[in-house]
Amino acid sequence: MRTPYAELLTVLARHRGVLGSFVVSERDGIAVDSNVQIGVQAEAVAALAASLHRKARLACGAAGGGKVTFLRLDAERGGICAAGRDDLVLVTISESRANIGLLRVEMMRAAKALT
Amino acid sequence: MRAATAAVETWVEEPLARFIDDARVRLVLLLESSGRVLAQHGFTRSVDVMSACALAAAIHASAAEIGRQLDGEPFTSLHHHGQARQIFLAELPTARGSHILLTVFDDATSIGLVRLYFTELSKRLAAPAPALAAATPAPSFVDFESDLNRNLAKLFGRI
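Protein chains in written order, with my numbering: chain A, 7 to 121; chain B, 159 to 317.
Extracted from the complex, chain A is given alone in its bound form (with noise of 0.2 Å):
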């Protein structure tokens, strides 16, 4: 079934090294929609970046910052990056050797359509 988010999966999906990226719910951990390539736990990425992304926001919250607006968490073959808006949040899987300037970029421009 084609989601609205669907377009701006396959945008971020043509980055050089991001091998996935998922829209998904924050409050239940699931995937409304993912662009992923084989191999990557879509289930599994999408439920634990989800929990990521809850206790960024709550822990920022606690410490007077404010909202999350973009979590980079960086890892020795790749990192995960997560921008959220209300419930959803939008994540994204690469490899070492992604632009994560331009991603981030993209990401931010795509988390605004999140309704």
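Since the hints were derived computationally from the structure, they do not count as laboratory data. Wrong hints could be hidden among the right ones.
Taking lysine to aspartate or glutamate pairs in the DMTMM-like style, the calculated list, with each CA pair at most 25 Å apart, reads [stated by the list, open to error]: (1) A:73 with B:179; (2) A:118 with A:49; (3) A:61 with B:278; (4) A:73 with B:264; (5) A:61 with A:13; (6) A:61 with B:179; (7) A:118 with A:80; (8) A:61 with B:180; (9) A:61 with A:80; (10) B:281 with B:167; (11) B:281 with A:49; (12) A:61 with B:265; (13) A:61 with B:264; (14) B:281 with B:180; (15) A:118 with A:39.
Predicted model only: the values in this text are computed from it and were never measured.
Since the structure of chain A is already known, use the hints to place chain B on it.
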């Protein structure tokens, strides 16, 4: 203070404790499809365990039958979302046959995480389950009540 976990059979203890820690769920019941309890976490009264087991077994049986009639295959998991709490009820296949897991959680976690760790629990429980030959036989109707009472007594430290 963390609520206590208790199991009638030791092979479920470690995997279940890990599920509870990872998934951050509040209440857990592991039972046989007959309704006989194998493990519990978070309950303080045996009467609550007994009621929850009976209801869980009945709900699971009903859902499975609806699945068979609608889809030709039994439905194996079910999720209900309340105002503050949610339940996830699912069939848990092990080497000792199908069991049922009932878990109650709140907004400290999510259904996505509970499903994720439930899948891991299934894999862990499949491994250490004692062989079928050594398994406890299914209770007869005559033995059911005494088995249930014995298990409840074990879980609540009266044996």
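Cross-check of the supplied hints:
1. Proposed proximity of residue 73 (chain A) and residue 179 (chain B) is contradicted: the alpha carbons are some 28 Å apart, above 25 Å.
2. Of the pairs offered as hints, the one joining residue 118 (chain A) and residue 49 (chain A) holds, with about 24 Å between alpha carbons and a cut-off of 25 Å not exceeded.
3. Proximity of residue 61 (chain A) to residue 278 (chain B) is assessed by CA-CA distance (about 22 Å); at most 25 Å being required, the pair is judged to hold.
4. Between residue 73 (chain A) and residue 264 (chain B), the direct Cα distance comes to roughly 23 Å. Compliance with the 25 Å bound is thereby established for this hinted pair.
5. Straight-line distance between C-alpha atoms of residue 61 (chain A) and residue 13 (chain A) comes to about 28 Å, which puts the hinted pair past the 25 Å bound.
6. Our distance criterion of 25 Å between C-alpha atoms is met by residue 61 (chain A) and residue 179 (chain B), whose separation comes to about 17 Å.
7. Among the hinted pairs, residue 118 (chain A) with residue 80 (chain A) is consistent with the structure: their alpha-carbon atoms are about 23 Å apart, no more than 25 Å.
8. Our distance criterion of 25 Å between C-alpha atoms is met by residue 61 (chain A) and residue 180 (chain B), whose separation comes to about 15 Å.
9. For a cut-off of 25 Å, the pair hint linking residue 61 (chain A) to residue 80 (chain A) stands: about 17 Å separates their Cα positions.
10. Proximity of residue 281 (chain B) to residue 167 (chain B) is assessed by CA-CA distance (about 18 Å); at most 25 Å being required, the pair is judged to hold.
11. Among the hinted pairs, residue 281 (chain B) with residue 49 (chain A) is consistent with the structure: their alpha-carbon atoms are about 16 Å apart, no more than 25 Å.
12. Taking the CA atoms of residue 61 (chain A) and residue 265 (chain B), the gap is about 11 Å. The hint holds against a cut of 25 Å.
13. Note on residue 61 (chain A) and residue 264 (chain B): the hinted pairing holds, with a Cα-Cα distance of about 15 Å set against a maximum of 25 Å.
14. At roughly 15 Å between alpha-carbon atoms, residue 281 (chain B) and residue 180 (chain B) fall within 25 Å of each other, so this suggested pair holds.
15. The hinted pair formed by residue 118 (chain A) and residue 39 (chain A) meets the criterion: a straight-line CA distance of about 16 Å does not exceed 25 Å.
Figure legend: structure checked against the earlier numbered hints; hints not met, in rising order: 1, 5.
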